[in-house]
Amino acid sequence: MIKFLELCISGISLGSVYALVAIGFVVIFKATRVLSLVHGSLLLLSAYVVARAEPTVGFLPAVLLGAAVAVVGAVLVQRVFLERLRRRGANYIALTMLTVGLDIILLTEVTRRIGARVYGINNPWGSEVIHWGGFSFPVARLAGIVVSFSLIALFFAAFKYTTWGVALRASADDSHTAALMGIRQSRVAGAAWAVAGALAAVAAVFLVAFPAPGLDASTSLVALKAFPAVVLGGLDSASGALVGGLSVGLVEVVLSGYGEQLSFLGGGFGSVAPWALVLLVLLVRPSGLFGSKEVARV
Amino acid sequence: MLEVQDVTAVYGRSTLALQGVSLSVPAGGAVALLGSNGAGKSTLLKAISGILPATGGSLRGGTVRWEGQSLKNRDPAWIVRAGIVQVPEGRRVFARLTIEENLRAGGITCRNRKTTAQARDRVLALFPALEPRLSSPAGLLSGGEQQMLAIGRALMAAPRLLMLDEPSLGLAPLMVRQIAATIREIHGDGTSVLLVEQNAHMALSLVDSACVLEVGRVALEGTARELSQTDEIQRSYLGHGTDRTSA
Chain A
1118 MIKFLELCIS GISLGSVYAL VAIGFVVIFK ATRVLSLVHG SLLLLSAYVV
1168 ARAEPTVGFL PAVLLGAAVA VVGAVLVQRV FLERLRRRGA NYIALTMLTV
1218 GLDIILLTEV TRRIGARVYG INNPWGSEVI HWGGFSFPVA RLAGIVVSFS
1268 LIALFFAAFK YTTWGVALRA SADDSHTAAL MGIRQSRVAG AAWAVAGALA
1318 AVAAVFLVAF PAPGLDASTS LVALKAFPAV VLGGLDSASG ALVGGLSVGL
1368 VEVVLSGYGE QLSFLGGGFG SVAPWALVLL VLLVRPSGLF GSKEVARV
Chain B
128 MLEVQDVTAV YGRSTLALQG VSLSVPAGGA VALLGSNGAG KSTLLKAISG
178 ILPATGGSLR GGTVRWEGQS LKNRDPAWIV RAGIVQVPEG RRVFARLTIE
228 ENLRAGGITC RNRKTTAQAR DRVLALFPAL EPRLSSPAGL LSGGEQQMLA
278 IGRALMAAPR LLMLDEPSLG LAPLMVRQIA ATIREIHGDG TSVLLVEQNA
328 HMALSLVDSA CVLEVGRVAL EGTARELSQT DEIQRSYLGH GTDRTSA
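Sequences listed follow chains A and B, in order.
Its first residue numbered 1118, the first sequence is counted upward by one per residue in this note's numbering.
Its first residue numbered 128, the second sequence is counted upward by one per residue in this note's numbering.
The hints are simulated quantities; they were obtained by calculation from the structure and are not laboratory data.
One thing to keep in mind: the hints can contain errors.
Claimed, not checked - Covered, in the sense of this in silico footprint (three residues per stretch, anywhere, with C-beta under 8 Å from a C-beta of chain A), are these stretches of chain B:
1) 194-204
2) 211-218
3) 223-235
To be verified - Cβ-Cβ distance ranges computed for the label pairs, FRET-style:
4) B:Glu194 - A:Arg1230: 29 to 35 Å
5) A:Leu1396 - B:Gly147: 55 to 61 Å
6) B:Gly349 - A:Val1217: 28 to 34 Å
7) A:Arg1205 - B:Gln245: 38 to 44 Å
8) A:Ser1253 - B:Arg240: 29 to 35 Å
9) B:Pro180 - A:Ala1270: 38 to 44 Å
10) A:Ala1207 - B:Gly315: 45 to 51 Å
11) A:Leu1397 - B:Lys241: 51 to 57 Å
Since the structure is predicted, the reported quantities are computational estimates derived from the model, not experimental observations.
The beta-carbon is built from N, C-alpha and C at its ideal position, and this holds for glycine as well.
The task is simple: from the sequences and hints, build the whole structure.
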């Protein structure tokens, strides 16, 4: 039982970090109908910046720098490539493919720089572990939960109450009419990319800091794990991304924790489990748990 | 005032939607644009409000001027700020947003809180039915209420020229009369109106002058009174058809 609860805490912690990445996907999708497949490399880039800057400038400035790089990178992708091509009439499928290309280029460069090294990030809570009753949790996991949930709450408040949130939702609902009201598509999209970049940067820090082994070339694969979270929740639903992220984190961690008992399914079932879960959910709800049916309206 | 001169618009590479159309709406005036489906009425509104490029069309020739400034190649947000707002055909309220949020979206170009609050008061005074339901999703409103919301949303930007694309479409006769009364009231407050309609009877009762578009050209124009008496309007748009004369 203690093991189960410990696994749940660490699953929620990992899940809330996935949710940060997943919400970024959803925001960009809502604003532009584009799936940002460049997310993995942006995440890796900001983790790399944090890891390189941290020894000289300290933890918090390094995180801010990493977030700034991710935000600028994301906005550049939107401004330099997507917005220009959209104006020339490229549809969102072509733009999604473009993000795949950008991802490959950026990923190649960052992994070349990382090489075979593994960077550790020294974070303020270090490798402390709380022991309480029979439980033990790494403080980093709890910090991950607190920070992620605060950011997610902040995001939802902005989404619901700010002018940007209204503009984003109006534009997701009906972009032509939103344009008629004077809502500038390019600004809404730019802000969406910036938000997604910042969320990915924070996620990156928790994904590479203790108790994770550190930053190496495979860190970008994490963005791929946020993908089942997005599909599970529904591509255009922010709350779906939250639920999806948490479910994927929980399922992955808990099933990996009971790997031995599940060995009849083959080794490492935990890492495949999120995709199995997605398949099951999609069989019942083809648009994800909270997605709207008419996602691909042209 | 709005001056459209000799405008030609195309969709795609070559589909002509407007050929040399001219029209003007004087300051404080009300003009109707009549014509059947596909005559180019909506295209003209889109050319004025600046969303023609976003819908796959483009302005080829002619000029569109508003208070002396050209509207060509301006983006829609600029045009809204300049004082022209279009109520789209089919209402197109933001179904998943609440009524309050729809109104907020309409007033998004206005940075001044006091002006926004005034515009909101005006809208709720015009459409008291919306007030008790401000926090419910706009998608749950009836067709007539959605039309009210669409007009209210446009008024949030405090336009000096309000363009309405077929506000009577698909509404019950009673509701059409209500919407007409509202448009008359908005016009009475000093807002210029450009009204696109197939319901010529309603339109001609509201405006000073009108023109009739047929396959992208102006076929007829004149004052509302003159037009409502011409044979062609009577036959094609007011339902006093050839049947009666030939019988």
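Results of checking the hints against the structure:
A stretch counts as covered by a chain when three or more of its residues have a beta carbon under 8 Å from one of that chain; for the segment 194-204 of chain B and chain A the count is 3, and the coverage holds. Note: the segment 211-218 of chain B has 3 residues with beta-carbon separation from chain A under 8 Å; the three-residue rule is met and the coverage holds. Beta-carbon proximity to chain A at under 8 Å applies to 8 residues in the segment 223-235 of chain B; the threshold of 3 is reached and the given coverage holds. The hinted window of 29 to 35 Å between glutamate 194 of chain B and arginine 1230 of chain A is violated, with their beta carbons roughly 56 Å apart.
Distance hint check for leucine 1396 of chain A and glycine 147 of chain B: the Cβ-Cβ separation is about 59 Å, which falls inside the suggested range of 55 to 61 Å. A hinted range of 28 to 34 Å for the beta carbons of glycine 349 of chain B and valine 1217 of chain A is inconsistent with their spacing of about 58 Å. In this structure the supplied range 38 to 44 Å holds for arginine 1205 of chain A paired with glutamine 245 of chain B, their Cβ-Cβ distance being about 40 Å. Serine 1253 of chain A and arginine 240 of chain B have their C-beta atoms about 53 Å apart, which leaves the hinted 29 to 35 Å range violated.
Taking the beta carbon of each, proline 180 of chain B and alanine 1270 of chain A are about 39 Å apart, inside 38 to 44 Å as hinted. At about 46 Å, the CB distance of alanine 1207 of chain A to glycine 315 of chain B agrees with the hint of 45 to 51 Å. Leucine 1397 of chain A and lysine 241 of chain B have their C-beta atoms about 54 Å apart, which keeps the hinted 51 to 57 Å range intact.
When held up to the earlier numbered hints, the structure conflicts with 4, 6 and 8 and fits the remainder.
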